[in-house]
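Assemble chain G onto chain Y, guided by the hints.
Each protein sequence line maps, in turn, to chains Y and G. Counting from 373, one number per residue, gives the positions in the first sequence under my numbering. Counting from 1212, one number per residue, gives the positions in the second sequence under my numbering.
Keep in mind that a hint or two might mislead.
Said to hold, decoys possible - If you want the footprint, here are the derived chain Y segments under chain G, 3+ residues with CB under 8 Å: (1) 511-519; (2) 561-569.
Claimed, not checked - Here are some chain Y residues pointing at chain G (derived, C-beta under 7 Å): (3) Leu412; (4) Val414; (5) Thr418; (6) Leu419; (7) Thr423; (8) Pro495; (9) Asn496; (10) Ala500; (11) Leu545; (12) Pro572; (13) Ala574; (14) Ile584.
It is worth saying that the hints were derived from the structure and are not from the lab. Glycine is no exception: its CB is placed at the ideal position from the N, C-alpha and C atoms.
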Amino acid sequence: MLETETRSPQIRPEDPPGSQPDYCYPPYASSVLRAPSQPLVVLPHTLSERTGPVFGHGLLQPNDNDLTAQHAGQPLGERMLVHGRVLDEDGRPVRSALVEVWQANAAGRYLHKVDQHDAPLDPNFSGAGRVITDDQGYYQFRTIKPGAYPWGNHYNAWRPQHIHFSLFGAGILSRLVTQMYFPGDPLHALDPIFNSITDPRARERLIARFDIEKTEPAFALAYEFNIVLRGTNDTPFEEGKR
Amino acid sequence: MSLPLSGSQTVGPYFSIGLAPLCSEEVVSVAQGEAVIVEGNLLDGEGVAIPDGFLEIWQANGDGRYIMNKPASSAAEAVGFGRIRTRPDGSFRFATIKPGAVPYDAERMQAPHLVVLVYMRGLLRHLVTRLYFPDELANLTDPILQLVPAGRRSTLIAHSGSKPGTFHWDIVMREQKSNAKPETVFFAW
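Pulled out of the complex, with its shape left as it was, chain Y reads as follows (with noise of 0.2 Å):
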């Protein structure tokens, strides 16, 4: 039996303001229809809320972590080593995180039929990936760094280059979906989904950092992002227990 079955519910702090966005932000026109106009009520965390899925290594394709080697050919685009940390709010690794990435090519073109951008597709870049974290909480992938892209939110609007991250931790409560941005990029300012988080710091932590020393001489770039997710307050799962 998990020792933790019948600890009391606990209540997380509430997030600092301005740290998560707000679900009905305008700028965002696609947020108004879609977001809870009734306070949302707090969950007290049980059972149910501390448990989640794990995934195995099982799961992985090969290349999943090399979105660059999924075809016969490479990909054009600026090559690059993405990695980082996953950890939880009191700074403990969260290991067999599973990751999952997708993202434009190099063009700023996704492959997805609902994507009308006249920019060409890349036969040699699908901009899906998958990988779990290690025991320290580490991941890595390989890529392509994506094309920024406009879309129709409003007269002349372009979303700044970023890949989409989803992410499990050690419970259902653990997930995040989130956005990389990349350092220096002139469309963060006028870009109404980054701009949803209305914490300059907060925003600052969705911005990869360039790092030099990871990069691959004569190969890829480097960029360092680290997240923090949701933690169970509960002892880590450990195999066999439930």
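The following block gives chain G in isolation, referenced to the frame of chain Y:
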């Protein structure tokens, strides 16, 4: 030490590129339990169905246990978990088993429920809700339902469908002015 959570951002319109491998039409179960089908619609503040969203379900098995001891090597092995896309018409449907009751604390139990996470383009941070089953006496004493204003609890309880073992449950993102459908209760976590 307390580190600030990373900020959430929308899944956007192209999430299926990265998230398709774990999508399915069922929540995987291993224990004995009553087979059920849950179907419904994901609706916006004008009652329009949302075709570009998905749900993630997390639930106990039929015996009320959460199974976490065997890392899944495929969507079909992720016991208790399901990632369900809405269809082009904004509806969703998944098969699962009715979960057993789950402990709340040393004294109290929770009524059978699914934890449901909701994601879509336009939603800047995913939402968390719960699905409970109708005609459950345990709903009357469920500690989480008791936290919800009484007038809103019904939004968390599915309706029995036309066939045995089927349940209907709409998720309404926002109160609809022109429509009687009340906004689903969502939780902060």
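Subject >> When the least beta-carbon distance from Leu545/Y to chain G is tested against 7 Å, hint result >> reply: For Leu545/Y, the interface hint holds, since the closest Cβ of chain G sits about 5 Å away, which is under 7 Å.
Original post:
Can we keep the Ile584/Y interface hint, with Cβ of chain G closer than 7 Å?
Top reply: 24 Å, violated
Subject >> Hint validity - Thr418/Y Cβ closer than 7 Å to any chain G Cβ >> reply: This hint holds: Thr418/Y lies near chain G, its Cβ roughly 6 Å from the closest one there, short of 7 Å.
Original post:
Are there at least three residues in the region 561-569 of chain Y whose beta carbon sits under 8 Å from a beta carbon of chain G?
Top reply: Contact hint for the region 561-569 of chain Y vs chain G: holds, 4 residues under 8 Å.
**OP:** Have a go at the Thr423/Y hint: is there a Cβ in chain G nearer than 7 Å to its own Cβ?
**Re:** 4 Å, holds
Original post:
Are Leu412/Y and chain G close enough, Cβ to Cβ, to be under 7 Å, as the hint says?
Top reply: For Leu412/Y, the interface hint holds, since the closest Cβ of chain G sits about 4 Å away, which is under 7 Å.
**OP:** For the hint on Pro495/Y, just tell me whether its beta-carbon gets within less than 7 Å of chain G.
**Re:** Because about 15 Å separates Pro495/Y from the closest Cβ in chain G, which is outside the 7 Å limit, the hint is violated.
**OP:** Mind checking the CB of Asn496/Y against every CB in chain G and telling me if the closest is under 7 Å?
**Re:** 15 Å, violated
**OP:** Tell me if chain G covers the region 511-519 of chain Y under the three-residue, 8 Å CB rule, please?
**Re:** violated (count 0)
Original post:
Given Ala500/Y was flagged as interface, is its beta-carbon under 7 Å from a beta-carbon of chain G?
Top reply: Since the shortest Cβ distance to chain G is 5 Å, the answer is holds.
Original post:
Hint check: is the beta carbon of Leu419/Y less than 7 Å from a beta carbon of chain G?
Top reply: Hint on Leu419/Y: holds, closest Cβ of chain G at ~6 Å, below 7 Å.
Original post:
Can we keep the Ala574/Y interface hint, with Cβ of chain G closer than 7 Å?
Top reply: This hint holds: Ala574/Y lies near chain G, its Cβ roughly 5 Å from the closest one there, short of 7 Å.
The structure shown violates the earlier hints numbered 1, 8, 9, 12 and 14.
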